[in-house]
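Student: Protein sequence lines correspond, in order, to chains X and F.
Going left to right, the first sequence walks through residues 11 to 168 as the numbering used here numbers them.
Going left to right, the second sequence walks through residues 801 to 934 as the numbering used here numbers them.
Keep in mind the hints are simulated off the structure, nothing from the lab.
Ideal Cβ placement from N, Cα and C applies to all residues, glycine included.
Each statement offered as a hint is correct.
Lysine-lysine pairs mimicking PhoX-like chemistry, simulated, CA-CA at most 25 Å apart:
1) F/K842 with F/K893
2) F/K850 with F/K911
3) F/K842 with F/K899
4) X/K75 with F/K850
5) X/K75 with F/K911
Anything over 10 Å on all C-beta distances counts as not near chain F; from chain X, calculated:
6) P98
7) S99
8) G100
9) Y125
Covered, in the sense of this in silico footprint (three residues per stretch, anywhere, with C-beta under 8 Å from a C-beta of chain F), are these stretches of chain X:
10) 43 to 49
11) 66 to 79
12) 156 to 167
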Amino acid sequence: MRVLAAILAFSAVGLAAGYCPAASITFDGSILDTCTLALTSNGTLGASLDGTTMGSEVGSGHAAKMTILSTGSHTIQVAAPSRTSPPPSGYNTATETVAVAYSGETLLSGVSQPYTSSATSFPVGTIALTILDLNSRITNPSGFATGSYTTQTVVTCN
Amino acid sequence: MQLIRAALIAGLSLMLASAAMAQSLSPTHGVGPTPSDIKGFKLRVGNPYKTAMTFVVTPMDPAFNGPVEGAEVQPSLLTLAPGFSRQVIVAFKIGPGSKERTIGVCVMPQKIMGPVLPRVCGRYTGELLSRPGG
Numbered sequence: 011m012r013v014l015a016a017i018l019a020f021s022a023v024g025l026a027a028g029y030c031p032a033a034s035i036t037f038d039g040s041i042l043d044t045c046t047l048a049l050t051s052n053g054t055l056g057a058s059l060d061g062t063t064m065g066s067e068v069g070s071g072h073a074a075k076m077t078i079l080s081t082g083s084h085t086i087q088v089a090a091p092s093r094t095s096p097p098p099s100g101y102n103t104a105t106e107t108v109a110v111a112y113s114g115e116t117l118l119s120g121v122s123q124p125y126t127s128s129a130t131s132f133p134v135g136t137i138a139l140t141i142l143d144l145n146s147r148i149t150n151p152s153g154f155a156t157g158s159y160t161t162q163t164v165v166t167c168n
Numbered sequence: 801m802q803l804i805r806a807a808l809i810a811g812l813s814l815m816l817a818s819a820a821m822a823q824s825l826s827p828t829h830g831v832g833p834t835p836s837d838i839k840g841f842k843l844r845v846g847n848p849y850k851t852a853m854t855f856v857v858t859p860m861d862p863a864f865n866g867p868v869e870g871a872e873v874q875p876s877l878l879t880l881a882p883g884f885s886r887q888v889i890v891a892f893k894i895g896p897g898s899k900e901r902t903i904g905v906c907v908m909p910q911k912i913m914g915p916v917l918p919r920v921c922g923r924y925t926g927e928l929l930s931r932p933g934g
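With the rest of the complex left out, here is chain F:
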């Protein structure tokens, strides 16, 4: 939660105009500057199913192999009516000594049975404008 608040104060980078139709994850790519060591993005998660679904939104490494530290998504668990979408905020720290950081964010249904697990992932890069105090 602290990460999210800091990102909002530091100047959240808003993505462009709203999507014409909400989809599972939008946008799926993002690059933006930040004046501090925290970068945030606004993403939109949509429910394409015909029933209400609960989705898990997880910050991952850029290869989508596993969760990462120093990154947070709010809300990370959301239930959507069919055809509806909702914004989530992802914020992550750019480590000391680094000028940029790329993370992945994946959205998948919380409970889905069967041989196929669908997920939509995106990659987002934060670029430091300058180091704090420098």
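The shape of chain X in the complex, shown without the other chains:
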């Protein structure tokens, strides 16, 4: 009883003095190194008026768009492009060249690669969601036979 009384008395004094015990609340979290690639637009190939190019920047073609989100240091590798569709009958594959070009927007505005048939890469650090525009083309001075044409480039974030 005496202990209870002492506690009540102490509490009363504390309240009277305006004492309010405080406690700090801590929130914590962590970010692991992560990379996200999301293809937001596939891109299509159009035909040039002179019949020697099928590309995303000619005719009805349009660029592919990919978003990149990176936490930590990564490398974006753009593999050498290739034609993945079987050659239509009468198409001369010996004279074709497949190439890819890309450029970055906003946080990747310093990234710019002209058309190339080789594999390329560029580093990225921690960046918020940013768009990379990719264009692809097949050039063939022998022209294009009737049929479908598809190119593909593998873009890897690692």
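Here the structure of chain X is known, so what remains is to put chain F in place on it, guided by the hints.
Tutor: Okay, now just chain F, sitting in the frame of chain X:
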């Protein structure tokens, strides 16, 4: 499946605290010890698209050129709702005579058409603490 179970029994190396937001692949790098010749990692695969997507998760060589033997990912095929993520486990054997092994793991959409194929890959290294029986 046996590789996965052995890795769990041998002491799976858990990665650090959970990611603040699930992404396509997290973490993209990992190094850890193992007391046995099997090493495992927990990874998280996320779907950043606005529709449900099915992803293929494949153990690869460190240069991401092709699949490798002696490594397994479970599940290797997963369908995720938009904005959702899921853990996968990768386990691989460290060959006899080796003190460590590095493999790659790549995640890519199962069906995606068009001129660009996106994939996210990571590299993971298992280091032997000691050879079994030694």
